[in-house]
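Here the structure of chain H is known, so what remains is to put chain G in place on it, guided by the hints.
So the protein lines, in turn, are chains H and G.
When we follow our numbering, the leftmost residue of the first sequence carries the number 18, and every step to the right adds one.
When we follow our numbering, the leftmost residue of the second sequence carries the number 49, and every step to the right adds one.
Since the hints were made in silico from the structure, they are not lab data.
Do not rely on the hints blindly, as some may be mistaken.
Claimed, not checked - Beta-carbon label-pair distances, calculated as ranges: (1) G:Pro162 with H:Gly264: 36 to 46 Å; (2) G:Thr339 with H:Pro21: 51 to 61 Å; (3) H:Arg321 with G:Glu154: 56 to 66 Å.
Stated by the list, open to error - Taking lysine-lysine and the DSS-like style, the derived pairs with C-alpha atoms no more than 30 Å apart in a straight line are: (4) H:Lys244 with G:Lys491; (5) G:Lys416 with H:Lys227; (6) G:Lys318 with G:Lys172; (7) H:Lys39 with G:Lys172; (8) G:Lys172 with H:Lys244.
Bear in mind the structure is a predicted one, so any value in this text is a computation, not a measurement.
Here a beta-carbon is modelled for each residue, glycine too, at the ideal position from N, C-alpha and C.
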Amino acid sequence: MSSPDRSGELLSIAERVVAMAKPGEQVEAYVSRGLSTDVRVYEGEVEHFVSAQSEGIGIRVIRDGRTGTSYCGTLDPAQIAEVLAEARDNLSYGEPDEWAGLATPDGVAVTPQNLWDDSLESTSTARKIELAKELERLARSGDSRVRVDDSNYSDAFGEAAVATTTGIRVAGRENGCYLSVGTLADDGDETQTGFGFAVGRNTDELDIDKAARDAVDRATRLLGATKPASRRITVVLDPYVTAQFLGIIGGTLNGESVVKGRSLFAQRLGETVASPLFTLVDDPTNPMAYTATDIDGEGLAARRNTLIDDGVLKTFVQSSYSARRMGVSTTGNGVRGGYAGSPSAGCLALQIAPGQRKQDEIIAGIDDGILIQQVQGLHSGVNPVSGDFSTGAAGLMISKGSVGAPVREFTIASTLQRMLLDIAEVGGDLEWLPMRATGVSLVIHDVTLSGS
Amino acid sequence: MDLLDDEAFAQVLPRVLSAALTTGADFAEIFASDWRGTGVGLDDGKIEQLSTGRNRGAGIRVIAGETTGFAHTADISEAGLLAAARVAAEAARQGGGGTRVVALDERPRRVVSPIEIDPSSIGKAAKVELLRRVDDAARSAGGVITQVSAGYSDGCTHIVIANSDGLLVRDERVRTLLRVSAVANGDTGMQTGFDSLGHTMGFELFDKVSVEEVARTAAHRAITKLKARPAPSGSMPVVIKAGSGGVLFHEACGHGLEADLVAKGASVYKGKVGELVASPLVTLVDDGTMTHEWGAIAFDDEGHPSQYNVLIENGVLTDYMWDYLRARKEGRPQSGNGRRQSYKDLPMVRMTNTYVLNGEEEPADIIKDTKSGVYVAHLGGGSVNTATGDFVFGMTEAYLIENGEITEPLREGNLIGNGPQVLRDIDRLGNDFAMGNPGTCGKDGQGVPVGDGQPTLRVKSLTIGGTAA
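In isolation and in its complexed conformation, chain H is listed as follows (with noise of 0.2 Å):
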């Protein structure tokens, strides 16, 4: 069954919006609509089904420098009109900004990307609900000591349209499905918890065996953890927690931040940042990124930006605000949150360049470390503008070459800036996460554990 493609509806709705332009008036419309389904179960019950549909309209106006946006959650035509007279109205109370100004399309070209599937559409609601049944049970059966929180599928069709003044037509669609598993293991009066995930553009590229065992071992590996004592320590980094680490490297390369002074990689261009070993880029046109896309949230192709060659920072991600105030081109990195958001510079799909041993290859050569297989309080202990990191986090001790006990309760701290430059590796062990970076098994020298 191939179901067609209605985007072009919503690119018409764009349209009409920016048809209404009035002399000296640059207008934007982003339209959206989607359909979701939640299924959870627990102890082989179905404990919710959600099926979401929800749609809406944001338009900016921008005229002699100033900016006004208004967003509503319908696409009923008459409230369409009194959202586009509001952001006209919004605008008068902006102040000029001589940079202000939509994308205008600059000729480069689109890298297509295959982001919808049409068999998940005639995915029936009984194999949804199954799925999720399996993946409950394989995890309760992969360890006695497991029991499962609770074990989800979901799916999501999003279909969006963005059109401009300055020229801007783009509409397209994307879907895809995606299971998780919340665990917890329990020894004695101990209970640890782990979690497994699986996604795929329809049900059969699900592997929800690896999220079966991924949830179990998470939640068990970490029974009998201890306290370790404080001390300076190599780190090894899972390539889930390294996906974590790159996120918050991507947001200081990012050249809103530089514009406004809040980057820590201001004035650094050309120079060396990190150890030579890193290789940073940007790629949504790689089909393989979780987040692969052929345009961003401006409406301009999408494309492949190096951000850190072999050390030396190379690019900051842009806008095309941005890209106007810093005097360069824009890199296509306008990331938008939904109808309801203007879009900023951010990056899309970050992807370390890989290198090459195998995760227990590299920690046979390490006679003191800890392998980090887990942080929590990434958004609390770490600030993007001074640098400054301090992560929980939880993993296993690396003693003469070999992983010993799990631990736990403990905190790794650093400076971003010094992290970068203390990269001793870069593993081989290349993993395509459901986030916007990859992950690879990472090596920093010299972090301090705080724990007992």
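Chain G alone, transformed into the frame defined by chain H:
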């Protein structure tokens, strides 16, 4: 159309509930809301943009045995609601069927936080003006302040909740928020400072509290840290200033007292009612009725009136927090803690305003009696694993305590601890209770507004995640 006074809308509700019950469900509920809000953003010395928005829709929940079906729609016409009701009913199908007539009985309106000045009655220019004052005040706090960003937002939600037990509740919620973030630049690089002000209150908030004061607080936090030394590494006594550490209780035990997590055995506090779980100094309350506080509500999002709930009394666990579903399973009353982010979300057990009651000591004595440790004057966010009790939270303004005196400022870092252990380790409690900054609590992907508070207190030992020896 205004949900609150539209009688035609109210007359549709029983028919929609009946439709939702046709597949044999034992409970159906409609949560309809109409949110309108204004946001203004200032950055880099300029009002960047003013944005207004509206989100209106309804979520329909159908419960049959252990299964909940839920569907939501932005189309609140009778046809739109009936379509959503059929989807939700199908999702929770139990085979059986039949017709049930629902008669609704409207509960009296209840006001917990009276609103004097509806923000939507205030011109946009006045909101812009607030941020200009914030920018001026923050920048004049010191020449080292190199950047200021600030946000103003207000929102008014009209809510109608109706269920097959005959409940009909209408409510209006108004919240107003100001956030300020400053960057200071010095020899040691950049530092940031943040402060916020948010209440379940209208625009009169700004007659009561000076926005300049909020701006200066954010600026001073950034400036102070320019001279800060790296935070220490390791376990030590920590004194937490009144009104800055409620998040510790929110994370260290609040989440673990949510009945949905307890029911699944995902809480360290399962089976501990009646037991001593904290220092006898600690009495912990979750209070949705606390007038004008960020987490205040007249009714929860299932239509149950908000309550003052004692969770821990003199160290003894007295009760968990409850929503409709968990209370029904246990055959006990709800506690007014069933909340949801919007009409698009299922309700679950959530906190409102969570705080520790006053102790008896002078805060100065607590500091004086601490030979060496850390004084935390402001905390950022935090998170907890409820099953293990392990939590972290970030300190965004902190100082060393040396020989009973507050001395050097410290750079940022996380604190880490274990909830049950930390509750037992509270060994001093002040008499200077204060509420903290407005918070957004995240759980299962949904954010809801919450408040927290505590008097100055000391934890015997917490692990500070800094880099200094």
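Results of checking the hints against the structure:
Range check, Pro162 (chain G) to Gly264 (chain H): about 43 Å between beta-carbon atoms, so the 36 to 46 Å window is met. Our hint of 51 to 61 Å for Thr339 (chain G) and Pro21 (chain H) holds, since their Cβ atoms are close to 54 Å apart. Checked against the hint of 56 to 66 Å, the pair Arg321 (chain H) and Glu154 (chain G) passes, with Cβ atoms roughly 60 Å apart. Between Lys244 (chain H) and Lys491 (chain G) the alpha-carbon distance is near 27 Å, which keeps this suggested pair within the 30 Å criterion.
About 55 Å separates the Cα atoms of Lys416 (chain G) and Lys227 (chain H), which puts this hinted pair outside 30 Å; it is violated. Only pairs whose Cα atoms come within 30 Å are accepted, and Lys318 (chain G) paired with Lys172 (chain G) is rejected, the gap being roughly 49 Å. For the hint linking Lys39 (chain H) to Lys172 (chain G), the alpha-carbon distance of about 23 Å falls within 30 Å, and the restraint holds. Among the hinted pairs, Lys172 (chain G) with Lys244 (chain H) is inconsistent with the structure: their alpha-carbon atoms are about 54 Å apart, more than 30 Å.
When each numbered hint is compared with the structure, violations occur for hints 5, 6, 8.
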